[in-house]
Amino acid sequence: MERLIRVKYCKNGPIKYISHLNLVQVFTRALRRADIPMVISGGFNPRFRMSFGPPLPLGISSTSEYLDIRVKKKIEPEDLIYRLNVVLPCGLKVLQAKIIPLPSDSLVKIISSAFYIITLKLKKSVINLSKEDLDQNKENLNREILREEKVDRELKDLKKEIDKNIKGFLNQEEIVIEKQTKKGIKKINTRPAIINMSVKKCQDQILEINLWLNIGQEGNLNPRYVVEAWLSNSGYIFDIKQICRDGLYIKNQEVIDY
Amino acid sequence: MDIKKILFEELLDKVEKPGRYTGKEFNEIVKEENKSAVKIALAFPDLYEIGMSYLGFKILYEIINRRDDAVAERIFSPAVDMERLLRERQLPVFSLETYRPLNSFDIVGFTIQHELCFSNILNLLDLGGIPLKSEERKEEDPLVIAGGPGAFNPEPLYCFIDLFVIGEGEEIIEGIIEVYKKWKEEKGNRADLLEKLARLDGIYIPSHYKVSYFEDGKIKSIIPKKEEFIPIIKKRMISNFDQASYPLFPIVPNINVVHDRITLEVFRGCTRGCRFCQAGMIYRPVREKSVENLIKLADEILAHTGYEEISLSSLSSSDYSEIEKLITLLVDRFKEKGVGISLPSLRIDSFSVGLAQQVQRVRKTGLTFAPEVGTQRLRDVINKNVQEEDLYLSIRAAFKGGWRKIKLYFMVGLPTETDEDVEEIIRLMNKVDRMGREIIGRKININISVSAFVPKSHTPFQWDAQEEREALSKKIRYLKNKLNWRNISFSYPDINRSYLEAVFARGDRRLGEVLERAYYLGCKFDAWREQFNFEAWQKAFAESGLSMEFYANRVRKDDEILPWDHISCGVKKEYLLKEKEKALNGETTPDCRFDSCTSCGACERKDLIIWND
Chain X
13 MERLIRVKYC KNGPIKYISH LNLVQVFTRA LRRADIPMVI SGGFNPRFRM SFGPPLPLGI
73 SSTSEYLDIR VKKKIEPEDL IYRLNVVLPC GLKVLQAKII PLPSDSLVKI ISSAFYIITL
133 KLKKSVINLS KEDLDQNKEN LNREILREEK VDRELKDLKK EIDKNIKGFL NQEEIVIEKQ
193 TKKGIKKINT RPAIINMSVK KCQDQILEIN LWLNIGQEGN LNPRYVVEAW LSNSGYIFDI
253 KQICRDGLYI KNQEVIDY
Chain R
429 MDIKKILFEE LLDKVEKPGR YTGKEFNEIV KEENKSAVKI ALAFPDLYEI GMSYLGFKIL
489 YEIINRRDDA VAERIFSPAV DMERLLRERQ LPVFSLETYR PLNSFDIVGF TIQHELCFSN
549 ILNLLDLGGI PLKSEERKEE DPLVIAGGPG AFNPEPLYCF IDLFVIGEGE EIIEGIIEVY
609 KKWKEEKGNR ADLLEKLARL DGIYIPSHYK VSYFEDGKIK SIIPKKEEFI PIIKKRMISN
669 FDQASYPLFP IVPNINVVHD RITLEVFRGC TRGCRFCQAG MIYRPVREKS VENLIKLADE
729 ILAHTGYEEI SLSSLSSSDY SEIEKLITLL VDRFKEKGVG ISLPSLRIDS FSVGLAQQVQ
789 RVRKTGLTFA PEVGTQRLRD VINKNVQEED LYLSIRAAFK GGWRKIKLYF MVGLPTETDE
849 DVEEIIRLMN KVDRMGREII GRKININISV SAFVPKSHTP FQWDAQEERE ALSKKIRYLK
909 NKLNWRNISF SYPDINRSYL EAVFARGDRR LGEVLERAYY LGCKFDAWRE QFNFEAWQKA
969 FAESGLSMEF YANRVRKDDE ILPWDHISCG VKKEYLLKEK EKALNGETTP DCRFDSCTSC
1029 GACERKDLII WND
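Residue numbers (my numbering), protein chains in the order written: chain X, 13 to 270; chain R, 429 to 1041.
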């Protein structure tokens, strides 16, 4: 009796630096080590029947990733969680598993949005600079050599300001980014993909931003592009320290609860 | 300085393939800090993807880490982008296990897989904060050792490496640890350590030997500096290969590496006796693992790694004495789990194709054959004991068996080669192509890889000259133009690289200086086409006043002292000379497994278990 099991896992630490393609292999091998009775596809290249949710870009960690696997024998979700966690490499951990009635649409097809938390660290602020300063320093700004003494305001005070700034950013008709592809530079309007963006926290030179993006036919937008677009638009100089995917949704509901 | 913190917070986002530098793969061994343990860095002078495919380090990693009193960690050459970041921030190259700098290890062990990694060894030492030269190293610097096939002519590296391991590392590493530990407790100095280690069999300490030269650059003598240093260092070898330690918990990389599968070493050594092949000489004699043992190993390693493929590895795996039984057992055993078996090197005979068919019942990835040359005459000269008819039978069997893609290896520049021999490669290819069309009914894809012959030490051709670069280039160009068919993809070497390889393969100590100069001129990753800088090498030779021709293009007399004459792989010089003579007469030498003993000398040891009953 074939079963479909939906697995929720997290990906963080060193392993966030492997690509989606490599991740598929890492899971395949872990499933074999755990001796999970996987259904194997026929054909020239036998593979385990499994399918992943939308790929996570290299360098981004996640608290909620998904994977559907087909097993040929009954296996309890708790048992699966235990067996997999023993053999997964550092940074990958199964959090939940549940049996999904067959037939079921693939994760990629049903997942409609993703929630990200972006952690930024203040490098320099240009808030206090006059317009002339800005013009004069434009060159220098780019080289990130603005003098420290210009930074004399606590980031805390900036929360409202940044919030306002983001609202302005989102009010644009188009937010065009330039993406380097193999064929050259491609211009993409990212605005339709952004559901919402807001300040989560602003403390001790650390700024956390919530970003909620559509995932769908138009593709899976890398949140880094949106944040970089906002940074260059706003003039704030922050380093992106970390990006974490903190939820994948099917119609406003976290995948595992759907 | 917290390397780990800087690596994860600042560097990884800026480099290509950051997964090369993170470590933390499944089965990685991270031991707790233990001051008294002997810390060994297994340093691979190339990228992670190459180094993680190397069986030797997998074996040593497990042997060393199994001990409570020793630690082994991995270090690879950083790619150019990462190296730049490290140098900008003045960070040392570090291990993947504990992010420890290279110079904080007790012992740094390099493997020398080929001559074109020499500059990378220097680069790793420099990036690791270790003085390049042995004589400049202080008491607190690590002991720098090296092994692998390249150690059979170690001389060009003599001033950079404190000690060479000649032969099979798994046999000797524990002895080194024991001596090191004792020496550390006794608080001796560096010279003491080297003298103590010199007493172990299979250890070559270049500073214990003096080499003098004639005015024409040939070697006059190689003499031990003290009476207690042995004049000839014999390779160490596993006597009971079946029971030798084999890695049961190999690290499973998170990113793709070159050989991303279980490597099951079915035997070591090869006695086919191809006269150009160094591996065929230095790994003798043939020693097999038993079928029972191999099945057991496969079971365990598979459970510990979860790989989808098991590769039966050796220099010529279809020569394994019970290969059919082994394959049948393995295929049946792992079919249900979706695990395939692969044979990386196939001999040219229909038996081998039959085996390939059995293991690749599903995956038809392509078959590789190495006819090496175009004529039977030359094939006899190199002792490739294969008839042209065998090749056609094998290829026919492959096409009939469903393969649509084949790969063929050829070599140009072999001793006695004439234009006709090269011309005949084209005739052979025409025939293969026609056969494909007849059997399949359309054009088949053929991959041809042509390489330039590089004479290597410890082979019957060690006295020979490499053909002049111009002549080699001409031959390759000729083949490339003639085989410019749409269904053929043709790959060929950079002749300058083959030339440099030939220079260093039979180099002497004087090349140490050249190497150092080339390194300072920016040479590294010489094995990588895009990084290789031949002009810099030429400059280094010119500045040192040495000629590359002297090493690459000169025929040596039989009685000339060769730079590696004090290093013995067991195969005797008389045997090599005899083989050289036979080669020139076009006489072949059969494989001693199926014919009489050839008295090469490799088995002349009482404790050796060669055959499995």
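Mixed in with the good hints, there may be bad ones.
Claimed, not checked - Heads up, simulated DSBU-like pairs for lysine-lysine below, C-alpha to C-alpha not over 35 Å straight-line: (1) 85(X) x 263(X); (2) 1010(R) x 910(R); (3) 194(X) x 908(R); (4) 212(X) x 445(R); (5) 459(R) x 648(R); (6) 133(X) x 908(R); (7) 191(X) x 432(R); (8) 135(X) x 612(R).
These are computed hints drawn from the structure, not numbers from a lab.
Verification of the supplied hints:
no.	hint	verdict
1	85(X) x 263(X)	holds (31 Å)
2	1010(R) x 910(R)	holds (32 Å)
3	194(X) x 908(R)	holds (30 Å)
4	212(X) x 445(R)	holds (31 Å)
5	459(R) x 648(R)	violated (49 Å)
6	133(X) x 908(R)	violated (57 Å)
7	191(X) x 432(R)	holds (31 Å)
8	135(X) x 612(R)	violated (48 Å)
Checked against the numbered hints given earlier, the structure breaks hints 5, 6, 8 and satisfies all the rest.
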